[in-house]
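Both chains come to you apart, so use the hints to assemble them.
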Amino acid sequence: MAEQQLPERQSPLEPEYHPGSHGNFEHGVDVILSETRPGSILQLAAWPGEEKRLIEAIRKVTGLALPDGAGGGVSNGARAVFGFAPGKFTVVDEAEGLASTFAGVITPAIGTLTDLSHGRTAIRIAGPKAEWVMAKFFAIDFALPAFPLGAGRSTNHHDIFAQIQRSGADQFDIYVFRSFARSFWKALCHASEEVGYEVQ
Amino acid sequence: MLITCPYCGPRDVIEFTYQGDGNRERPQPASQDLDAWTAYVYDRLNPAGDHNEIWQHSGGCRAHLRVVRNTLTHEIRSTTFARGGHKAEGRS
Ligand SMILES: [Zn+2]
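As they're listed, the protein sequences go chains A and B. First residue of the first sequence? That's 1 in my numbering, and the numbers climb one at a time after it. First residue of the second sequence? That's 1 in my numbering, and the numbers climb one at a time after it.
If we strip away everything but chain B, and leave its shape as in the complex, we get (with noise of 0.2 Å):
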């Protein structure tokens, strides 16, 4: 599996972590609400298709990504920096 980091080019996954699911909302951190946090930390959508995701280039220049990926095909749909608020473009 390849990933284009929008920086290096296109690298062998090997060289990135993965930071979890893109579609978490992190709830304010004063936040009372219970059933946000739980949501923030167990639902997830599982979807047989494409997924946004959070990745790291950790082993090349440590940029923070979001990349879309299909979880059927593992092909990589798009990759931008996660900096800058780029809404990511898979399923939500």
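So that you can see chain A by itself, here it is in the shape it has in the complex (with noise of 0.2 Å):
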């Protein structure tokens, strides 16, 4: 790709983000909290009956096979993608301009793509106390039976929609509208106090 001077992108976290460890981290620290800043995240929805289509199209541009069912996803450290909706796939990439390798794959007759690359925050939290801490959020089951690796969620925590995939057996990635991101980091991080927490 040609070289391009795009500017930097701001993170909505930023007057609020303090790298280093904080609360009660005297006995260890027990989750660790980031913005992970994925450089694309894009909403896929296919047609009713063309859901078959887009996996496959997902799968040929990104190579994540999407298993079976209901909020079924993979990671694999680079790239996301999980199941949200119905016909419905969130997909993450580390790097930029997702969408436009999409475009052409996507044709009118399977679906539509939305480029919320801009729209959306990613926080990750990970560690032994991160399903508690979570669970003090949301109202789902975070145990790793009812919730398997790579799989995603749809939920919400005071009305501020949450797409939750789990990206380890201990890790959970978060992706909040990017207007409400540092109200709902800022809330995290109260939640993450008792446990003893550090930002990266």
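Keep in mind the hints are simulated off the structure, nothing from the lab. Be aware that a few hints might be false.
[Claimed, not checked] Listing some non-contacts, in silico: residues in chain B with all C-beta distances to chain A over 12 Å:
hint : residue
1    : Leu2
2    : Cys8
3    : Glu25
4    : Pro27
5    : Gln28
6    : Ser31
7    : Gln32
8    : Asp35
9    : Ala39
10   : Ala48
11   : His74
[As the list claims (entries may be wrong)] For each label pair, taking beta carbons as the anchor points, the in silico distance ranges come out as:
hint : chain 1 : residue 1 : chain 2 : residue 2 : range
12   : A       : Gly104    : B       : Met1      : 42 to 50 Å
13   : A       : Ala139    : B       : Gln32     : 41 to 49 Å
14   : B       : His74     : A       : Pro7      : 31 to 39 Å
15   : A       : Pro67     : B       : Pro10     : 17 to 25 Å
16   : B       : His74     : A       : Pro48     : 26 to 34 Å
17   : A       : Arg59     : B       : Asp21     : 53 to 61 Å
18   : A       : Ala95     : B       : Gln32     : 57 to 65 Å
19   : B       : Glu75     : A       : His158    : 37 to 45 Å
20   : A       : Pro19     : B       : His74     : 43 to 51 Å
21   : A       : Leu149    : B       : Gln32     : 52 to 60 Å
22   : A       : Glu8      : B       : Leu72     : 57 to 65 Å
23   : A       : Glu194    : B       : Glu25     : 47 to 55 Å
[Claimed, not checked] Coverage of chain A stretches by chain B, computed from C-beta distances (three or more under 8 Å per stretch; other residues unrestricted):
hint : segment
24   : 75-86
25   : 149-156
All figures in this text were calculated on a predicted structure; none of them were measured in a lab. Beta carbons are placed, not taken as given, at the ideal position from N, Cα and C, and that holds for glycine.
Given below as structure tokens:
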């Protein structure tokens, strides 16, 4: 690709983003909070009956094969995909420009593509107490058998809509509206104080 | 009260929005039948028991659902996607 001079993307968390250890960490840090800042966050939706073709298009473009079933997903570190509603999928890439890669593949007959790269903020919570802190926020089951590795969930915290993917046994990636992200981040930091947290 | 979304699984009622009585039949848009329109807007069965309802999982997958809820016990007897015209099983 030709060299591009893109302006650096500003983080909505910046004024409240304080790297280091916080809260009750004298006996150790039990969760690590970070903003993953992916370059691309896309929402893909299939027309009814076109789900299989969309899943195949996702596999072709990203190399990620979606497992069967509602809320199924997979991630490989650099890229991630998960179902968040019937026939709808969130696709994330570390690199920018994933929307243009999909543009010729998701034809109008298959469905739609919405580029949310600047509209969502991705927050990662990891560590032995990640499930515990998440369970204080969301009324869903975070235990591994109920929420398997790679799977996605749509839910909300006090009307802040959130998409959550389990990207590790004790790690979750949370996608929230950018305009609510700082408020959500502050709440997540408060909730993590009791277990001791580190911002990376 | 828990509603089991066919996509998301069991979720707290706070994630859902009630979209009204599921027994209503909307007249054709061009219909001039005032009785039919009045019935659509105002007439409700108000049963003491199983009731067909439309809910949206607005705080989750956002799918519209047909729900059969018991108005006496709040038991949710069934939930299916509204799309596809699945007939609910409650009293109609
Ligand atoms: Zn749902």
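How the hints compare with the structure:
Its closest Cβ contact with chain A, about 10 Å, brings B/Leu2 to no more than 12 Å, contrary to its assignment away from the interface. Not every beta carbon of chain A lies more than 12 Å from that of B/Cys8, the smallest distance being close to 7 Å; the non-interface claim is violated. Look at B/Glu25: its CB is around 23 Å from the nearest CB on chain A, clear of 12 Å, so calling it non-interface holds up. Residue-level check passed: B/Pro27 sits 26 Å from the nearest beta carbon of chain A, beyond 12 Å.
Residue-level check passed: B/Gln28 sits 23 Å from the nearest beta carbon of chain A, beyond 12 Å. Against the 12 Å criterion, B/Ser31 stays outside the reach of chain A, whose nearest CB is about 27 Å from its own CB. Every C-beta of chain A lies more than 12 Å from that of B/Gln32, the closest at about 33 Å, which supports listing it as non-interface. With a cut of 12 Å on Cβ distances, B/Asp35 stays outside the contact zone with chain A, its closest approach being about 34 Å.
The non-interface label for B/Ala39 is consistent with chain A: the shortest C-beta to C-beta separation is roughly 30 Å, beyond 12 Å. Taking the minimum C-beta to C-beta distance to chain A, about 29 Å, the non-interface status of B/Ala48 holds against the 12 Å cut. With 12 Å as the threshold on Cβ separation, the claim that B/His74 sits away from chain A holds: the shortest Cβ distance comes to roughly 17 Å. Distance hint check: the CB atoms of A/Gly104 and B/Met1 are about 46 Å apart, consistent with the given range 42 to 50 Å.
In this structure, A/Ala139 and B/Gln32 meet the distance hint of 41 to 49 Å, their C-beta atoms being roughly 47 Å apart. The beta-carbon spacing between B/His74 and A/Pro7, approximately 53 Å, falls outside the hinted interval of 31 to 39 Å. Checked against the hint of 17 to 25 Å, the pair A/Pro67 and B/Pro10 passes, with Cβ atoms roughly 21 Å apart. At roughly 31 Å, the beta carbons of B/His74 and A/Pro48 sit within the given window of 26 to 34 Å.
Remark: the range hint 53 to 61 Å for A/Arg59 to B/Asp21 is contradicted by a beta-carbon distance near 43 Å. For A/Ala95 paired with B/Gln32, a C-beta distance near 58 Å keeps the hint of 57 to 65 Å intact. Under the hint 37 to 45 Å, the C-beta atoms of B/Glu75 and A/His158, about 28 Å apart, miss the expected range. For the hinted restraint 43 to 51 Å between A/Pro19 and B/His74, the CB-CB distance of approximately 48 Å keeps it satisfied.
Between A/Leu149 and B/Gln32 the CB atoms are about 58 Å apart, so this pair conforms to the stated range of 52 to 60 Å. Between A/Glu8 and B/Leu72 the C-beta distance comes to about 60 Å, which sits within the given range of 57 to 65 Å. At about 54 Å, the CB distance of A/Glu194 to B/Glu25 agrees with the hint of 47 to 55 Å. Beta-carbon proximity to chain B at under 8 Å applies to 3 residues in the segment 75-86 of chain A; the threshold of 3 is reached and the given coverage holds.
Against chain B, the segment 149-156 of chain A contributes 4 residues with a C-beta closer than 8 Å to a partner C-beta. That satisfies the three-residue criterion, and the hint holds.
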